[in-house]
Every structure is written in C-alpha cells, then in structure tokens.
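Chains as they are written, first to last, in our numbering: chain H, 1 to 346; chain Z, 1 to 346; chain Y, 1 to 346; chain A, 1 to 346.
These are computed hints drawn from the structure, not numbers from a lab.
Given the structure is predicted, the values throughout are model-derived calculations rather than measurements.
Be aware that one or more of the hints could be misleading.
[As the list claims (entries may be wrong)] Label pairs and their in silico Cβ distance ranges:
{"no.": "1", "chain 1": "Y", "residue 1": "Gln170", "chain 2": "Z", "residue 2": "Gln301", "range": "56 to 62 Å"}
{"no.": "2", "chain 1": "Y", "residue 1": "Asp172", "chain 2": "A", "residue 2": "Ser277", "range": "53 to 59 Å"}
{"no.": "3", "chain 1": "Y", "residue 1": "Asp278", "chain 2": "H", "residue 2": "Gly74", "range": "34 to 40 Å"}
[Unchecked claim] Just a sample of chain A residues kept apart from chain Y, beta carbon distances all over 10 Å, derived:
{"no.": "4", "residue": "Lys75"}
{"no.": "5", "residue": "Asp108"}
{"no.": "6", "residue": "Glu130"}
{"no.": "7", "residue": "Lys178"}
{"no.": "8", "residue": "Gln303"}
Note that beta-carbon positions come from the ideal geometry of N, C-alpha and C, so glycine has one too.
Number of protein chains: 4
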Amino acid sequence: MAGNTFGNLFRLTTYGESHGPAIGGVLDGCPAGMSITEEFIQHELDRRRPGQSALTTPRDEKDRIELLSGIFEGKTSGTPIGFLIRNSDQRSGDYDQMKDVYRPGHADQVWDQKFGFRDHRGGGRSSARETASRVVGGAFAKIFLNEFNVSIEAYVSSVKDIVLEIPYTQLDLSLTDKSAVRCPDGKTAESMQRVIENARDAGDSVGGVITCVCKNVSAGLGEPVFDKLHAVLAHAMLSINATKGFEMDGGFDSTTLFGSENNKIKSGISGGISNGSDIVFRVAFKPVSTISKPQQTINNQGQEVVLEAKGRHDPCVLPRAVPIVEAMAALVFADFLLLTKSNRLA
Amino acid sequence: MAGNTFGNLFRLTTYGESHGPAIGGVLDGCPAGMSITEEFIQHELDRRRPGQSALTTPRDEKDRIELLSGIFEGKTSGTPIGFLIRNSDQRSGDYDQMKDVYRPGHADQVWDQKFGFRDHRGGGRSSARETASRVVGGAFAKIFLNEFNVSIEAYVSSVKDIVLEIPYTQLDLSLTDKSAVRCPDGKTAESMQRVIENARDAGDSVGGVITCVCKNVSAGLGEPVFDKLHAVLAHAMLSINATKGFEMDGGFDSTTLFGSENNKIKSGISGGISNGSDIVFRVAFKPVSTISKPQQTINNQGQEVVLEAKGRHDPCVLPRAVPIVEAMAALVFADFLLLTKSNRLA
Amino acid sequence: MAGNTFGNLFRLTTYGESHGPAIGGVLDGCPAGMSITEEFIQHELDRRRPGQSALTTPRDEKDRIELLSGIFEGKTSGTPIGFLIRNSDQRSGDYDQMKDVYRPGHADQVWDQKFGFRDHRGGGRSSARETASRVVGGAFAKIFLNEFNVSIEAYVSSVKDIVLEIPYTQLDLSLTDKSAVRCPDGKTAESMQRVIENARDAGDSVGGVITCVCKNVSAGLGEPVFDKLHAVLAHAMLSINATKGFEMDGGFDSTTLFGSENNKIKSGISGGISNGSDIVFRVAFKPVSTISKPQQTINNQGQEVVLEAKGRHDPCVLPRAVPIVEAMAALVFADFLLLTKSNRLA
Amino acid sequence: MAGNTFGNLFRLTTYGESHGPAIGGVLDGCPAGMSITEEFIQHELDRRRPGQSALTTPRDEKDRIELLSGIFEGKTSGTPIGFLIRNSDQRSGDYDQMKDVYRPGHADQVWDQKFGFRDHRGGGRSSARETASRVVGGAFAKIFLNEFNVSIEAYVSSVKDIVLEIPYTQLDLSLTDKSAVRCPDGKTAESMQRVIENARDAGDSVGGVITCVCKNVSAGLGEPVFDKLHAVLAHAMLSINATKGFEMDGGFDSTTLFGSENNKIKSGISGGISNGSDIVFRVAFKPVSTISKPQQTINNQGQEVVLEAKGRHDPCVLPRAVPIVEAMAALVFADFLLLTKSNRLA
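Input sequences plus hints: build the corresponding full structure.
Put into structure tokens, the structure is as follows:
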C-alpha cells in the first residue's frame, strides 16, 4: 500500500536507503522447486552496478547479494526469499552540503512536505540504489520465466539525439552487453558514447530511450480491464527513477495513422492480453537531474542558492537502467503467469 | 486480482458486458458525509455517451445511472456505493457475423486463448462500454477532490496530424466541451473535425492524443518507489481501450535535452510525489481497429477471411475518451489523498 | 480495504443496505467454463430467507437473484459476475422509533462515532440481510468446489443448553435441512425447537453453536504463516453477524489435555495447511440482541430510555445462519484452491 | 498473497526459516516521525526468547535485532523498516533423524504435499521461531499505539486444568511478567508452574488459554462487514502456532444465555466496530505436539515408526506466547487506526 511492494502472486517488497546499513527485500510467492544459483543473481546485480565503465559513476558499490531464506539445497522451497545488500563506500560527507538544499529535479522538497523530514544523504529511499533490490527480484523472475522460454532483452535505442534506427528484428541483441552503452549496434554505440563523454566533460547529463523486446510470452497474460498487460508494464517502467514516458508498438507515432494502416502492424498484446507475438515497448528517461555544473535552486528556508553537486554521478543512466527495465518486465510477466493459472476451470 | 478493481482505499470494482443485461460497479471507500447529486453523476455519464454529435456512433445508449446503496439522505454514508446502468438498444444481431471471426486489432482471439471461449457480442467485457462504470466512479472521485480544490481537465490535443500547438497555460479549458471534438481551440477543433469526417466517409478511423491538466493537487501524493504518482497515472491511462502511450512533462521529447536544460522545466511530480505544481500528462490513442472498410483477417479455424464490419462505430474515440481520462485521473488522486492521511504521525 | 471484499483470487465484493433499493455484489475471479444454473443459486438463497418456518421472522423477503454479467450461454466466462437482489416489503416505518435510540448490543452508536451519521433503518449495512449476497457468492464457490468433490455441511449443534452430543461421524447430515432448526438428529431438533419457541413467546432470544464439516478438501490449502487455513476460516466465520467464537478440532477443550493425548486426535489441518482429512470447526452465536421485551438503553443524547422493539425478529438466528456458514467456508476453500495452483513450479 | 504479509496500511512481511542464516521482515506503512529506541524492540524480543526460565527451552537464541532501514536520527522516516535476526546455536544435527519422519501434529507431511519437498530442519518456516519477526513488528505497533494511549496486556489465564477465575478487572496486570508462567495472580501462577514442571518431567506437554485485555482502543476501528474487528483479531490470533480457538466477551459460554441476559454484558466491539470500552478476548493453545515421550508416527514412505524427539522443546508455550499475542493484537489495531483516518470527509 505504501508502495514498497510490487506484484500480487509473485511479489517483491523492498526496503533500504542509499546510506543506511543495507538495502534488500523479500520475494514472496516464488514457486517451489526452482533451481537457483547465486552466481546468476550476482551477475544480474553486477550489470546494474556503478563503476562498470568510464561512462558510469566510479563509486565502488560492491553489491554482494546475501540470500537469507527461502532456498534449501539449491532450490526455492516455496517460502519467502529474504535478501540484503550491505551498503559500503558511503562517503555521506559528500552529501552534507545538501542537508538544507533542495536539489533541482529531485524529490528533496516533497519528502519534507510528505513526511515532515527526510534522510538527506544521497536521496535516501529515492536513490536509484533501491533498484538493486529490484534486479535481485527480477533475477528470480527470469529464472522462473526461463521455464517457459520467455526471453526479455532490453537495449539503449537512443541517447539524446543519437537514435538507433534499425528495427529490433534486424539486430543481434546478444551484443547489447558488449558495448559500454548497451546498444547492440556498434556504430551507433560509438556515437552514443561520444555524446555521453561530452556531456560528462561539460558537467552535464543526457537522457534517452530504452527499448525492450519480450519473446515467447505465453498467450493469455494480462487482464481485460484495469490490469491490461501494457498498463501494468507502464506502471512497472515508470516506477523506475528518471522515467518520463512509456509507449508500446507504434506508440505516439501510431496516432498519425489511419486505422486501416495501423491494423496491419503486428502487436504482441490485444485488448490488454498477450497473444504470443513479440511484445515491444519503449521507455523514455530524462537526462538525470544531478549535474556538476552550478545550478540555481532553493533551500529549505525558501531562499535562492547556487548548488554545485560534489559526489560522483552518472552523466547518463541508460546503460545501467537496461537490467532494471528487464527486471521489472520479468516481475510483471512472472506475476501474470502465476495469476493466469486461475483463469480456467480446466 | 483479476483486474476488475482499481484503487486501494478509494476502490472501484466494475462488472458487465456490452450485450448482457447491465454494466455497473461498486465504489468502496468513498468517505462518509459527501453531498451527492445524481444529476452530476448523470452529467458525467452523458459526456461519455455515444450519439452526442455527428462525430460519434449514433447508438442510443441511454445510460441511465441507477444508484443502489451507500447514499442516505443525499450524502455518502461510508458504505459501498453499488450502481448499475442497464444495457438497451443491443441489436446483438449486428455481431452474429463475428461469432467465428477474429476482428483485426481486437481481443477476440486472445479471449479464446485465455478463457477457452468468449462472449462474441460486441466485444463483451472488452467493449469500451465498460468505461461508463469508470465514469461513474470518477464522478464520485471528482466530488471528493472538489473538497480539496483539485481540478482535472482533459482535452483533445491532436487528431491524426492535426496538432494543437498552443500550451495549456494559454488555453481556456472551459471551452473544451463546447466543441464536438473536445478541443478548446476553435480553429484547431474545426480542422480536427474535418479529419474525422473524412475518415468516417472513407470507412476508416483516426487516432490522436489527449492532454490532461491537473491543478491544485496537494503536495505529497504518490509513493517513492513502486507507486510513483506518474506510474499509477500511466497504469490508469493505459487501462483505457485503444491507448498506446503515456508521457508526462516533456516526455519522449525531454530525452533529447541536456540535464541543465531539462532541470529548468517545471514539473508537478518530483521523485514520484506531487509537489503542488500543475501535473500535465499526455495519452496516445491509436486509430480504433473497427472500420467499415473490408479487411483481411482470420476466423477461429485459422482460415483467412474478409471482414466487413456492420454495426455503428466511432471513426475517432478521442472526444468521448476525454471524460474517461478525467475519471481515471480522479480515481488515482482520490485514492492517494486517502492513503496520504496515513503518512505521518502528526 | 474498507472491508466489503472477501478473498484474493476468488473474490466477493458486496454492497447494499437493508432498506435501500437493493443489495448485491460482484464475484470476481470465478474461473471460466463453470456450468451455472440460476436454480441452484436461488435454492441457496432460499435456505437463508426469512419466513421459512414458524421459527423465523415472517418477513417475506422474496430475495430473487438477478444475474447481470459474467455468464454466457450457461457458463461462467471468466469475467466478473454482477448480481443483485431487490429489497421489498421494507416497512421502514417500523424503524422510525429507532432513529434516535441506540439499540442494546447493536452497532447503532459506533456508526455515529465512525462515520458521523448512519442509516438508521433496520441496521442499514450492519443488517444480517447483507449476508444474502454472501450466500450468492458461496453458491458459485460450491459449484466450483464440486469439481473437486469438496463437500461442506453445517448444522446446528447446540441451542442454548440443548447440545447435540452425537459426533458428526455418526450423523446423517443429509437430514439437516429436514428439520426447522437445521439439526440432523430428530430428537435433539425437537428439544431445540421447544427452547426457541419458549424464548419467542417470552419476547426473548437464544443463541447456540453451528458445527461445520468439510470433506475431501485437497491437501495443501492454506499458507504456513499469517494465512493459516483455520485463521482465514475464523476470519470468515467471525465476520458473520452475532458470532462470538470459533474453534477447530478439540478447540478450548483441547487445552486441558496432555500433548501425548492430543496428538492422537485426527485433525484436517496441520500447521495451517489442509492435509486431506475432514476439517471440522464450530462457531458460537450469541442470542440476538433484538428482543421484544422492553429494555433499558440510551438515545443519541446520552439519555436513558426504554426500548420496545417492534418489527419482526428471529428469536434464534442459527437455523438461517447454517447456509451462511457454508457459504463463507466455500469462499475460503475456493480462494485457496486457486491460490495453491501457484505453489509449485511443476 | 502467499501469506507472509499481515495488514494493509501498517503492513508486516516476514521471512526466514529456523535453521537458515537469519529470520527477519519488512514493516511498511509505519508513519513518519515516531521516536524509536532499539532497547524497546529488543526488550519485546527478549520476552519471547527461549531460555528465560526453567519452564522454557534452554536454547540460547540470542535474538539480537538488527535494524537496516527506515529510521533516521532516531525517528521513523516513513520508509519501510527492514530488520533481521541472525540464527545462532542451530545444532541442526538434532533434526537429522526427522528428515524422513513426519512428526505427529506437525506440518511435515503437508509441506511435502504442498511444495513437493521441505526444509526438515526444526520445522523450517513453520517453526515458532518465525514469530520473533512478528514481535519486532508488534513492538513498532505498540510505539504507535502509545500515541493514542491504547494498551494491550495479555496473560496466561489457564494451563491445563488450572484456571485463573479472577476477572481481569480485579487483577494487577503489571504483575504478569513477574511470574515465569506470565499469570498475574501469584497463587494460580504457582499451581500452573507445578503442572508444567510435571509435564516436562513426564516428557509430555500442556496447553492453556491466554486472555488479552485491550484498553482505550479508539471508537470506530473495524469495518462493518468482512473485516469486523474481532474477525481480524481472530485471524491474527489463529495465525499463531498451536492455536485452536478464539472467543471474545462471553464467547462459547454466551451461547447458553438469553438475549435479555447477554445484552447486559458490556462489550468493547459492537457490530464489528470498537466502541471505546475494553476489548477482551481469549485464545486457546493446544499442548504442543513435540514431546520427548516415544510416539507412533509414519515416515515419508508411509511406514509406521516410533519417534523419540531429541532437541530442546518447551513443555508449555503459553508463557512465551504472551508477547506474540500482544504483538499480533497491536498490529491489528495499528492497521485499523490508519485505515480509519479515511472513513470520513471531515
């Protein structure tokens, strides 16, 4: 209810602030009998970790997964999976200057409005660090989906004005993780990388779009009215920090077509329910708000001040957001797969 | 769980197929003591009703609201509000031809896949007729929000390639309902109307975008992690039939800006939580799938057939979708307003 | 959330006051493909109806079920089942005297405290009339359970100090509905009937115990921690009006045994999970509060007054509560049967 | 859904097996601004801990609470409170003999039936050790309730056939924790202690009843239909291991009274809603199943075997269950206090 739980049957609850002792979560409803290797969970976590390349923040968040329950002799036992990731390398001193200052584009001020006070250290609960717990939950969801041959592959399809124009059907998505920007087309990846480096050097940031391709999703997932499959996917995606938009199939572009044209475009979702075809959606990420350039803002007394962010921050979050998009999509599909078991008598 | 309930504390459950005896719903959690006039509920319903102008389907769905409980001496009593709307003018004969045919762009085939069989008459539960129940729930939400001076005003901002370029701050949104297309700018409205009429005459359909402007939303609504305010709004909007995308603030366009530029744009939501500024979002509607032009499709034997839809169908659903967008937004804000009461000790 | 919904996957939402236009509900999550006969639903409703015998209130609540959605060509379609029962024979004049008086043992005063005002006509939402909607939901649950051969049979096992001492294994439970008091043993039934008639003649009321026997419940229902099967059954039973206690197996009596003795008693639930053996529980009903004898009470000004209830009231609710106990048990088992489908990978 | 979460707005999710690395939980929805001292949480945990007296198991489960999030500068911050308790002194070797044996009265066999296999070490998730996490959640709830002067005091009111006959109004409940059996009347406590010691010496176990007295509960808590206050309390209580019954007010005894008699008994709950008077309920605990006497049982091949439990087990769980009963009651009241904020417009 307070928004720290996602999913109904396959259900992830997360907790933790960026500068407290740990972040973590509880994954409930994971079916019994799934073979789990900690290596795979850790691998997914590593894909999200900062410091993977020159493009991301050099913070060394080791992000070691610690599994606390729900697994017995290498298999899920049907009981809730508790896990945590200790916070390290906190340097919360970097954030002392922000105690009384509201950073532009951040949630600092609304936390004071909503809760009466806030943990000012690095965003607290609003920090993107929270998404590490989602990646853990998503890793379990991927293991579950693997039993049904569902694959979920996201990649960076634009950074600022550099747009990957090649349709996904002509891309080799296994190349995505080969590039630092997580774009599967080498040439476009290079251009994107230059744009990000230039932004970083200018003390600025850039945004972009992540495309996610989901294959072999069983027909019948999604509910006809309020919980249409794409509605829940949109909910999942726009719960990721810095997102500003979601579209599927032709999205906003399809609004300029005639029905007779649009009806010819294949979609993986009909009336909110998966039909077995590929499901493709796109998520818009704004350029992140934290930049090192000096910015005008206000403090908690309402006075105008100039903020020069210290700390270490990504000039572009998209490469690290790819595994988060995949994790949230995996959680959505896993939940609907369980729910759909109750649809029919026989 | 089966997706016929929306909201947690202010919670709407709907039921009903387009060609059964009635559609309706139960609104639970509406606070006690709200003054209700049936006229306002009916007025909102009438805004959604077909047959309002030459642009919409001439079906005469009288859509009379019948309130069954939860109101005593003109006020909400704190108990669930049951309501129904009888179906009339059903002419289900129009749909007999579709019994074995899967209409392009519709959910016909996935219903067979998901449930084993389907009510083939006019879309059954997938029919947009279901949204009448949402408008009823939304009308109660609007009455509740009125106590907090929250206003929600949606309008058609593009139809096919006709785009209203004037920003909402320079529009008189009280004019929206004056035009048949529900575009508050007279000149643009005329152009939109022509595009829709041309599509209708060609037996085709057109889509577009609805913009929704929400003012005086109290600061503090939305939850920091999974239930960010815009994530839940996106969920709500993409649960409306024929939607393909959602964006807030700059949306997909903001992905081409630098952070230093984007930080200057005012947003009504920070970190997923309302901050008191105007909240503006846009919803993409595809051109509806049902057109009278002959179309290639398949039947439930997998054979290719040509479908010529009879029945009466809107060439453009956007004008009638305006009150639905408002209703869903109202339900979201009402739910968070109740939820937010539990945020603080004092 | 506001307590008008029961169940997670097999989920009943009810609405309606005793003296408004109708009561009714929405049953969501009922699997597609179940054959439904309106006769069975009506039969279950008739078992709960007043005026069945000299022992119950002579009010003629016709209680005709009206099914509004979710059924197509005689089968559940997987969509929500909306239904209603019109209120008739309201004579709300009988209740005018109670407008300002708080009846002893009733919820009158707390409604004013909780919601600020109340519908004073016959208990409004707190009236036992609401349970008719539960019986409808329970009838669908019984049809579903029938596919798994689950049987649920409740009977009156004590009225005041008349106790049926014969264990259920030696009773013919098919005889329950043959007696006006719904006790399957003829001799005990006669004694119970005399006790009730005497109470009625004295303008008083009596309570008792209902025993419920559930056979062929599949092993594996119930969740190990918070949603133990008997915990949810207790929740369901104590949500019925006038209940004061719940016990399973030996119940309170088992607290006087040694573990070595108690371990020998067969139970249908182990650690909160059904194990395939018979599940037997007992529900205590207090003597109903509404009696025709004059009683001391207070009015809404806090003054002491004498109340002489008019209207027509049951001297003993137990016979009519038997189908309600069965309905609630059926809803619990149906919900867990669906939920349990998600327990295992294979 | 999978039953590891309790509550709606004040919501506890727990995880952990008795012999894994840790148990713990996440408490979501705790309002911001509550002053927290770790000492109080630890104190409540210590009340539940084994090894407190000669009457309880001598296992030294240190049970140190570790708070991971949600608290900033000594106050709740409105974000989820993650916590854990490391398991120590596991000696899982004691349980090796039980790998293939189904202990009488335990959930061993149904776990195999439900999930396909089980963690056989000491009950795994079904172990009463899980309740330590509830005590942590309950401690936060008590801190919250303290703001409203709500007090919750439970005590042991019977052990086997030793019954405390003095009504709670004549007892000094502050003496409860002074006696090893947690009975506030010294003389009765001594008798109870002898009964427990005799059972222990005989390798047997005994049960009993815990009475819980809740004072100053604000009027208006509880929902009129499915979530009546006593129904949710019953759900909460019967989710505690080894419970077999719940009753409030006169309970099963009240079924033998006339309505005119019963109406004179004061109750703290009317029609499912608290009215401000004391709320008193009783919970029946069976004698625990694990005893050291040799017992006939079956193994997972269906063969009859004799089981002699090693390990260290309580001959009577009631003294240690007192803080668990209080914790669950506190969670129920805290949840309803938050929920009730949404009942009225003004």
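Hint check results:
no., hint, result
1, Y/Gln170 / Z/Gln301: 56 to 62 Å, "58 Å, holds"
2, Y/Asp172 / A/Ser277: 53 to 59 Å, "44 Å, violated"
3, Y/Asp278 / H/Gly74: 34 to 40 Å, "37 Å, holds"
4, Lys75, "27 Å, holds"
5, Asp108, "8 Å, violated"
6, Glu130, "6 Å, violated"
7, Lys178, "23 Å, holds"
8, Gln303, "18 Å, holds"
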